[in-house]
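Visitor: Sequence:
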Amino acid sequence: YRDWIGPDQGAFHDPEHWSDYQYENDGMVYLEETERLTSRSIARLVNRHDEAQTAHYPINHISGFPNVHALEVSGNRETGARQTLTVPGTSSHNGVSVLNEIRIGAYGVVELGFFAGLGADRWIDIEPKGTLQLSGAHDSAGTVRVGVELRNAGTLGIGRLTLRGPYRSEAT
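30 is the number of the first residue of the sequence shown in my numbering; add one for each residue after it.
No lab work stands behind these hints: they were computed from the structure. Using N, Cα and C, we set each Cβ at its ideal position, and we do this for glycine too. Some hints here could point you the wrong way.
To be verified - The calculated label-pair distances, taken between Cβ atoms and stated as ranges, are:
no.	residue 1	residue 2	range
1	Glu61	Gly176	28 to 36 Å
2	Tyr59	Arg197	19 to 27 Å
3	Val58	Gly186	31 to 39 Å
4	Gln38	Glu107	16 to 24 Å
5	Gly56	Ala182	37 to 45 Å
6	Leu192	Glu53	39 to 47 Å
7	Val58	Arg106	18 to 26 Å
8	Arg65	Gln38	15 to 23 Å
9	Asp43	Ser198	32 to 40 Å
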């Protein structure tokens with residue numbers, strides 16, 4: 030796992046904002062990640078502070094920013110302090126895309142800007158007290174793409190959201 034160690038208002042793509050990862054067994058190192066996130070990375074953006082925190086996704090991930098294997102965005106479950114990941118929208122349809130699963134845990138917020146997108150080849154799980162929302166004007170538009178299913182037990186603040194893939198709501 031690559032854990033977020035960046036500051037409030039930090040840049041998601043900055044390698045210094047993520048812990049290093051080393052997979053070893055019996056003293057033999059099989060995999061080591063110390064630089065930027067890669068398609069093998071399981072990124073956990075979890076707030077360990079008492080106050081709300083925000084991380085910002087890059088404006089244009091197409092210019093060399095890789096997908097990650099999986100992504101979790103969660104707040105502090107003990108204090109209820111939120112962790113937000115903002116994904117700015119652009120006319121070139123900026124967005125987060127992962128190879129496996131996106132989990133928006135309790136007190137986690139993913140906020141999509143105008144024309145921003147969120148995509149997972151498998152699942153997107155919005156857990157209880159987790160939020161996926163669009164930011165900006167009341168006519169904001171965004172796209173969510175899932176390969177298997179979007180499971181919602183939290184909050185969808187959606188405006189004009191286009192969903193590409195199956196949806197199941199468990200929200201109360």
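Visitor: Could you tell me which of the hints above the structure violates, numbers in ascending order?
Guide: The structure breaks hints 2, 3, 7; every other hint is satisfied.
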